[in-house]
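Number of protein chains: 2
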Amino acid sequence: MAKKVAVLAVNPVNGFGLFQYLEGFFENGISYKTFAVADNKEIKANSGITLFVDDVIANLKGHEDEYDALVFGCGDAIPQYGENAGKSYNQDMLAVIKTFADKGKLLIGHCAAGMMFDSVEAINGKKIAVHPLAKPAIKNGVATDEKFEIDGNIYTAQTENTIWMMMPEVLKALK
Amino acid sequence: MAKKVAVLAVNPVNGFGLFQYLEGFFENGISYKTFAVADNKEIKANSGITLFVDDVIANLKGHEDEYDALVFGCGDAIPQYGENAGKSYNQDMLAVIKTFADKGKLLIGHCAAGMMFDSVEAINGKKIAVHPLAKPAIKNGVATDEKFEIDGNIYTAQTENTIWMMMPEVLKALK
Numbered sequence: 001m002a003k004k005v006a007v008l009a010v011n012p013v014n015g016f017g018l019f020q021y022l023e024g025f026f027e028n029g030i031s032y033k034t035f036a037v038a039d040n041k042e043i044k045a046n047s048g049i050t051l052f053v054d055d056v057i058a059n060l061k062g063h064e065d066e067y068d069a070l071v072f073g074c075g076d077a078i079p080q081y082g083e084n085a086g087k088s089y090n091q092d093m094l095a096v097i098k099t100f101a102d103k104g105k106l107l108i109g110h111c112a113a114g115m116m117f118d119s120v121e122a123i124n125g126k127k128i129a130v131h132p133l134a135k136p137a138i139k140n141g142v143a144t145d146e147k148f149e150i151d152g153n154i155y156t157a158q159t160e161n162t163i164w165m166m167m168p169e170v171l172k173a174l175k
Numbered sequence: 001m002a003k004k005v006a007v008l009a010v011n012p013v014n015g016f017g018l019f020q021y022l023e024g025f026f027e028n029g030i031s032y033k034t035f036a037v038a039d040n041k042e043i044k045a046n047s048g049i050t051l052f053v054d055d056v057i058a059n060l061k062g063h064e065d066e067y068d069a070l071v072f073g074c075g076d077a078i079p080q081y082g083e084n085a086g087k088s089y090n091q092d093m094l095a096v097i098k099t100f101a102d103k104g105k106l107l108i109g110h111c112a113a114g115m116m117f118d119s120v121e122a123i124n125g126k127k128i129a130v131h132p133l134a135k136p137a138i139k140n141g142v143a144t145d146e147k148f149e150i151d152g153n154i155y156t157a158q159t160e161n162t163i164w165m166m167m168p169e170v171l172k173a174l175k
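One line per chain: the protein sequences are A and B, in this order.
Here my numbering is used: position 93 in the first sequence is 93, and no number is missing along the way.
Here my numbering is used: position 130 in the second sequence is 130, and no number is missing along the way.
Hints listed in this document are in silico derivations from the structure and should not be mistaken for laboratory results.
Note that the structure is predicted; figures quoted are calculated from it, not measured.
Certain hints may be false.
Identical chains share a label here; the pair holds if one copy fits it or two copies do between them.
Each computed BS3-like pair below joins lysine-lysine, with the alpha-carbon atoms no more than 30 Å apart [to be verified]:
| no. | residue 1 | residue 2 |
| --- | --- | --- |
| 1 | 126 | 147 |
| 2 | 44 | 61 |
| 3 | 147 | 175 |
| 4 | 44 | 3 |
| 5 | 41 | 103 |
| 6 | 87 | 135 |
| 7 | 172 | 127 |
| 8 | 175 | 126 |
| 9 | 4 | 44 |
| 10 | 4 | 147 |
| 11 | 147 | 98 |
Here chain A stands alone, though its shape is the one from the complex:
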């Protein structure tokens, strides 16, 4: 049976990255629900378009068992992450990622996704692909220079430009 995916979108989110996952899941009959890493379902793409996603991250907490996999949709919120790390939506995001990781569910993402996964010790000893600027920040995982990496339950692409190389494997794992 096809698996169900929780897709996180930071605010602002890179729409090119986000919709590569969403349209791929849609076309392959994989069910998903989108969650804003924000207080509100109304978020922006990097490019300024307003998006209404399905729900907010706070409402995913405690419902992780309803999903088989998590996608981290990276975006221009992340360069300012340090200033906003204490916000409840970011705390909720980390808690949710940790719960998915602790239960051995699939963690999928690009760009700074591996940095978020690493910060809750979800990739200990595992290889990840990550944005070159985020590479030095990886503490417990093994950040490579590859376009994408798949190591156990961790699927990471270096940037939104390399997600397409990883997508066939993501779709295979979720079908």
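On the provided structure of chain A, position chain B as indicated by the hints.
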């Protein structure tokens, strides 16, 4: 000086295709305005996410001179295009494409874009890449099996999956 682009989004639109253009323009300092091919600025991605774009196609009519290029953002509206061809927003879309073509501005798009361009005789004798299902419908252009084609002012990609191959040339033309 960087050029200004009018980006059309049908309803529903393939978000993966649409945001490849938008995030690429955003990251390269190319200005753009998005127009729904609909009566309303609120449209859907194929994958179900609600998008608010900047304006509607009716308001682009008569303002074509403010732009240097047009992007046709294809989507799941197109398989039903025949049933809706008489709707004012589709008539406006064709009128706008024809005006851009008559003025020799750049026409850019993927999937069924070439079919729309062809229907207003914008690609006469020119090579286009187009979705295989739309290929037999091309009358005045030369539909190839290539992943993308650039012929004069016409930039076409076969599907949203091959836009990335064409984007460096699109960005070069728009900078």
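Outcome of the hint check:
{"no.": "1", "hint": "126 with 147", "in the structure": "within (15 Å within a copy, 36 Å between copies)"}
{"no.": "2", "hint": "44 with 61", "in the structure": "both (22 Å within a copy, 27 Å between copies)"}
{"no.": "3", "hint": "147 with 175", "in the structure": "both (23 Å within a copy, 27 Å between copies)"}
{"no.": "4", "hint": "44 with 3", "in the structure": "both (27 Å within a copy, 24 Å between copies)"}
{"no.": "5", "hint": "41 with 103", "in the structure": "within (26 Å within a copy, 41 Å between copies)"}
{"no.": "6", "hint": "87 with 135", "in the structure": "within (24 Å within a copy, 51 Å between copies)"}
{"no.": "7", "hint": "172 with 127", "in the structure": "within (20 Å within a copy, 35 Å between copies)"}
{"no.": "8", "hint": "175 with 126", "in the structure": "within (24 Å within a copy, 41 Å between copies)"}
{"no.": "9", "hint": "4 with 44", "in the structure": "both (24 Å within a copy, 21 Å between copies)"}
{"no.": "10", "hint": "4 with 147", "in the structure": "within (25 Å within a copy, 32 Å between copies)"}
{"no.": "11", "hint": "147 with 98", "in the structure": "within (25 Å within a copy, 41 Å between copies)"}
When each numbered hint is compared with the structure, no violation occurs for any of them.
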